[in-house]
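Colleague: One letter stands for each residue in the lines below.
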Amino acid sequence: MKKLINEPSAVVDEMLDGMVAAHPVRRLDGTNVLVRDDVPVDGKVAVVSGGGSGHEPTHAGYLGEGMLDGAAAGEVFTSPTADQLDEMIQATDAGEGVLCVVKNYEGDVMNFDTAAEMASMEGIDVEQAVVNDDVAVEDSLYTSGRRGVAGTIFVHKCAGAKAAEGADLAEVKEVAEKVIDNVRTMGMALTSCVTPEKGEPTFDLGEDEIELGIGIHGEPGTERADMMSADEITEHLTENVLSDLDLDEGEEVVTLVNGMGGTPLSELYIVNRKLQSILDDRGIETWDAWVGDYMTSLDMMGCSVSVLRVDDELKELLGAPAETPALTVAE
Amino acid sequence: MADVETQRDAVLDALDNVAARLAEEKGYLTDLDSAIGDADHGANMQRGFGEAAEKREAFAEMDPDEVVKNVGTTLISNVGGASGPLYGGSIMFASQELEDGITAETSVAFAEAYLDKVKDRGGAEVGSKTMVDALVPAVHTYKKSIEQDDLPPLTALAKAVDAAERGVEFTVPLKALKGRSSFLDWRSVGHQDPGATSTLFILEELLATAEEYLDGAIDRDAHAGDAARRDE
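Top to bottom, those sequences are chains A and B. For what it's worth, UniProt numbering labels the leading residue of the first sequence as 1, then goes sequentially. For what it's worth, UniProt numbering labels the leading residue of the second sequence as 1, then goes sequentially.
Honestly, the hints are just simulated from the structure, not real lab data. If a hint is listed, it holds; no wrong ones were tucked in.
Taking beta-carbon pairs under 7 Å as the criterion, some of the chain A residues facing chain B (in silico):
#1 Ala82
#2 Met110
#3 Asn111
#4 Glu117
In this text, all values refer to a predicted model and were calculated from it rather than measured experimentally. Backbone N, C-alpha and C fix where the C-beta goes; we use that ideal spot for every residue, glycine too.
Whenever a hint applies, use it, and build me the whole structure from the sequences.
Modeller: Here's what the structure looks like:
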């Protein structure tokens with residue numbers, strides 16, 4: 001399998017140095033943590049996140065004004081260690097406290113828990129918001145309960161905007177939880193991904209087969225099916241998401257068609273076209289539609305569909321300015 | 001126990017003993033883990049405690065509770081995965097109970113705080129086929145032996161090790177409900193849990209160290225049934 005890498009073991013380190021060279025972010029010495037250039041930001045609650053590498057632009061792609069203050073990168077598909085998360089919390093805290101946005105995977109949850117405890121012992125106020133938007137599974141290879149997947153981006157955006165407004169830690173956490181309560185996601189794969197260390201596909205998928213209900217680690221999905229058309233796949237994902245979210249006619253949503261890293265944008269737009277027509281048929285109004293590679297699984301082909309129920313507060317926060325490498329919202 | 005220096009020496013010796021034991025058992029723990037997990041438990045535990053034992057000089061001026069806390073943070077940064085937070089984070093958290101030194105009373109508080117944190121963080125209960133299956137009987141036995149039966153700490157610890165050993169045996173027929181092995185469902189039945197096993201090894205080395213530091217032989221009457229194991 002051909003990859004544009006040097007040493008498999010140096011992938012994360014070299015990627016982070018490349019990001020620092022491209023964006024207004026810096027790396028904390030001796031760690032795999034990137035932070036905004038200007039942290040700690042006076043008078044502002046810090047919002048941080050982190051997880052395994054391989055999901056780019058998640059997480060460091062969302063560092064910047066209006067979103068994240070810090071992003072910790074673990075090894076590929078492996079949680080960052082608690083001491084690195086602790087350093088990130090210490091470096092970003094401006095005295096107003098820190099909200100950690102955590103995806104619900106066992107390693108991530110335990111390491112963030114431990115880091116929060118370490119930072120608390122140093123007198124820092126730390127709160128956590130655990131994202132669990134995946135409707136495909138209750139428990140999986142890596143989780144108790146539902147996994148946190150692409151819906152996490154909405155949590156970053158809304159919590160980041162709330163913090164930028166000058167809200168206190170409790171208010172920022174409340175907004176994060178409001179997003180978590182109102183967002184659902186389901187994903188699928190056309191191919192497996194190839195991790196740098198392993199160098200071969202994580203799972204085998206026949207030419208005419210797809211995996212439904214995948215997470216973001218190249219782990220197999222909940223169901224293997226025969227290849228379908230884009231419209232049929234979109235219907236399957238969207239129906240599962242909508243039946244779990246229980247939307248009423250007339251409600252407003254923001255949608256996200258997220259690419260897994262190996263799917264062209266043209267195909268994601270084809271999925272979005274069908275998604276919007278399904279919502280339209282149900283009398284659900286789309287306030288905004290996001291399409292692109294927001295949370296990937298290396299080179300996996302496939303996509304996920306997320307739907308977020310919005311009210312006036314969430315619309316305002318989603319529309320608030322943000323300036324990050326992967327997402328910019330103009331004033 | 002005696003003065004701060006002696007307590008610190010005891011902690012450092014315990015650390016050395018645990019590190020040496022886990023290095024010795026690395027292959028065995030990994031074999032257990034390859035049957036029902038991802039085959040890294042032996043290497044991870046050996047690496048974590050090995051790194052901590054390497055820091056003996058850096059720990060030489062610290063109070064005993066500070067040493068224990070730093071062992072915890074060293075495990076967190078070197079063990080990785082879920083075991084880092086479970087073993088290291090829980091040790092770090094429980095170290096607060098030793099601020100006034102190591103006594104029968106504070107060691108019970110330490111053990112209980114450690115157990116609570118492991119259960120809280122991992123979400124496992126007795127019967128989930130995890131380290132909790134060894135820890136719960138050990139901690140409960142230790143607490144009861146000291147607080148209700150008024151036994152000397154050394155005897156209490158020996159009874160706790162026995163209880164942990166039975167807990168480890170108890171994991172063999174269980175179906176895993178937590179952690180990576182739970183994905184195997186019924187296929188996990190018949191295998192001994194690696195986390196419960198490493199927990200037993202750590203307790204055995206704590207007992208071996210305590211025997212060097214605490215006066216008096218283990219009270220064999222209060223410790224019936226233990227002789228066979230200790231003569232192995």
